Amino acid sequence: MVIHWAHTGSSFLASFLASLVECVEALTVVLAVGTVRGWSGALSGASTAVALLLAMVVVLGRTLTHLPLHALQFFVGILLLLFGLRWLRKAVLRAAGQIPLHDEQAAFTRSKASLPRLDHKHRWDRVAFASAFQITMLEGIEIVFIVVAVSAGGPGLLPAASLGALAALALVILLGLVLHRPLAAVPENTLKFAVGVLLSAFGTFWTGEGAGLYWPGADGSLPGLVAGYFMVALFSVALCRKRPRSTATESH
Amino acid sequence: MGWIKTICKEGYGLFVDDGGFASAILAWVSLVKLVLSRIPLLHPWQGVVLFVGLVAILVASAVRFSRRNNVNTHP
Chain A
1 MVIHWAHTGS SFLASFLASL VECVEALTVV LAVGTVRGWS GALSGASTAV ALLLAMVVVL
61 GRTLTHLPLH ALQFFVGILL LLFGLRWLRK AVLRAAGQIP LHDEQAAFTR SKASLPRLDH
121 KHRWDRVAFA SAFQITMLEG IEIVFIVVAV SAGGPGLLPA ASLGALAALA LVILLGLVLH
181 RPLAAVPENT LKFAVGVLLS AFGTFWTGEG AGLYWPGADG SLPGLVAGYF MVALFSVALC
241 RKRPRSTATE SH
Chain B
1 MGWIKTICKE GYGLFVDDGG FASAILAWVS LVKLVLSRIP LLHPWQGVVL FVGLVAILVA
61 SAVRFSRRNN VNTHP
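Chain order of the listed sequences is A and B. First residue of the first sequence: 1, per the working numbering; consecutive thereafter. First residue of the second sequence: 1, per the working numbering; consecutive thereafter.
Just chain A, with the same shape it has in the complex (with noise of 0.2 Å):
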């Protein structure tokens, strides 16, 4: 039971965690082009694509429930462990000063001087659909992926992802609404750093199980991995960590 709780919980958090960065980075473009040429469009593009993903979750959560177990924790397994250790291989370099962190507010100016301005209002803009609508399935899938592959363990996990997931949506929705800027604020590379470290845990796992691997502890090794991971990855930001040009080279 206890075990049973770990593995839902793990899969609510990495859920929630990874749809909060995605959903900031889709706000960010849906409030652009809100500003720039009008709501409707921008508002309706992006809840025609949250109601196709939230289609897709379905279709493909009930489709998985009739693949043998094994093969489905391999494959699945095996893609997430190539997009976690992604995002987390991303995360250290941007701890460790190697590549520029993400600005939302830059992105958000970006996408408003790459949107022409409305002169009169149309009654159907196309632009700010196609736009909202674009991000957020670009942004979306990911987070379809993540629901459908953390979901992956076992048949009570869809619940948990989804309404992870749902809970994110929700609280930037939230805090869309009354901010009405970019949630420049939020961690967004803590994030990633803690999703990585969650992801990729779950796709070793996985991979293992599937693999017909023998894990010490059985589903306890689950924690064991993230801890494993968390500490390695802190390893590696110090090792890779922009270093000052020292005395010595700047003399030469």
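Derived by calculation from the structure, the hints in this document are not laboratory data. From a predicted model like this one, the values you see are computed outputs, not experimental measurements. Ideal Cβ placement from N, Cα and C applies to all residues, glycine included. Please note that a few of the clues may not be correct.
[To be verified] The following label-pair restraints were derived from C-beta to C-beta distances:
{"no.": "1", "chain 1": "B", "residue 1": "37", "chain 2": "A", "residue 2": "105", "range": "49 to 57 Å"}
{"no.": "2", "chain 1": "B", "residue 1": "11", "chain 2": "A", "residue 2": "51", "range": "32 to 40 Å"}
{"no.": "3", "chain 1": "B", "residue 1": "37", "chain 2": "A", "residue 2": "39", "range": "52 to 60 Å"}
{"no.": "4", "chain 1": "A", "residue 1": "110", "chain 2": "B", "residue 2": "8", "range": "20 to 28 Å"}
{"no.": "5", "chain 1": "B", "residue 1": "17", "chain 2": "A", "residue 2": "97", "range": "13 to 21 Å"}
{"no.": "6", "chain 1": "A", "residue 1": "105", "chain 2": "B", "residue 2": "11", "range": "23 to 31 Å"}
{"no.": "7", "chain 1": "B", "residue 1": "9", "chain 2": "A", "residue 2": "105", "range": "24 to 32 Å"}
{"no.": "8", "chain 1": "A", "residue 1": "216", "chain 2": "B", "residue 2": "9", "range": "34 to 42 Å"}
{"no.": "9", "chain 1": "A", "residue 1": "106", "chain 2": "B", "residue 2": "26", "range": "33 to 41 Å"}
{"no.": "10", "chain 1": "B", "residue 1": "5", "chain 2": "A", "residue 2": "105", "range": "25 to 33 Å"}
[Stated by the list, open to error] Among the chain B residues that face chain A by a calculated CB cut under 10 Å, a handful are:
{"no.": "11", "residue": "6"}
{"no.": "12", "residue": "14"}
{"no.": "13", "residue": "17"}
{"no.": "14", "residue": "33"}
{"no.": "15", "residue": "36"}
{"no.": "16", "residue": "45"}
{"no.": "17", "residue": "51"}
{"no.": "18", "residue": "55"}
{"no.": "19", "residue": "61"}
{"no.": "20", "residue": "65"}
{"no.": "21", "residue": "66"}
{"no.": "22", "residue": "70"}
Once you have looked at the hints, place chain B on chain A.
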């Protein structure tokens, strides 16, 4: 139809942005699945071996990127 192409490209980008890194992960998983199950002595360590290989790939890839980046920034 442009957006379908963009979504497909983004879909691939979800899993691969450094080809070498992704290939190393796939190679290690394949190696562990094919070889480890045939060595009974390593049975209790199978999961641990998978994890150790993956973190080694992560650290090596991040360090290699940083070194290359540092050389490019301060030639």
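Results for each hint:
1. B:37 / A:105: 49 to 57 Å: Cβ of residue 37 of chain B to Cβ of residue 105 of chain A: about 51 Å, so the range 49 to 57 Å holds.
2. B:11 / A:51: 32 to 40 Å: About 20 Å separates the Cβ atoms of residue 11 of chain B and residue 51 of chain A, which means 32 to 40 Å is violated.
3. B:37 / A:39: 52 to 60 Å: Because 57 Å falls inside the window, the suggested range holds.
4. A:110 / B:8: 20 to 28 Å: About 24 Å separates the Cβ atoms of residue 110 of chain A and residue 8 of chain B, which means 20 to 28 Å holds.
5. B:17 / A:97: 13 to 21 Å: Distance hint for residue 17 of chain B, residue 97 of chain A holds at roughly 19 Å.
6. A:105 / B:11: 23 to 31 Å: The hinted range 23 to 31 Å holds for residue 105 of chain A and residue 11 of chain B, with Cβ atoms some 28 Å apart.
7. B:9 / A:105: 24 to 32 Å: Holds, at about 26 Å.
8. A:216 / B:9: 34 to 42 Å: Between residue 216 of chain A and residue 9 of chain B, where Cβ atoms are some 41 Å apart, the hint holds.
9. A:106 / B:26: 33 to 41 Å: Once the Cβ atoms are compared, 35 Å apart, the range 33 to 41 Å for residue 26 of chain B and residue 106 of chain A holds.
10. B:5 / A:105: 25 to 33 Å: Check passed, 29 Å falls within 25 to 33 Å.
11. 6: holds (7 Å)
12. 14: holds (6 Å)
13. 17: holds (6 Å)
14. 33: Status holds, d = 4 Å.
15. 36: Result: holds, 7 Å to nearest chain A Cβ.
16. 45: With a closest approach of 8 Å, the residue 45 of chain B hint holds.
17. 51: holds (6 Å)
18. 55: holds (4 Å)
19. 61: holds (6 Å)
20. 65: holds (6 Å)
21. 66: With a closest approach of 4 Å, the residue 66 of chain B hint holds.
22. 70: Where the cut-off is 10 Å and the nearest Cβ of chain A is about 7 Å from residue 70 of chain B, the hint holds.
Of the numbered hints given earlier, the model fails hint 2 alone.
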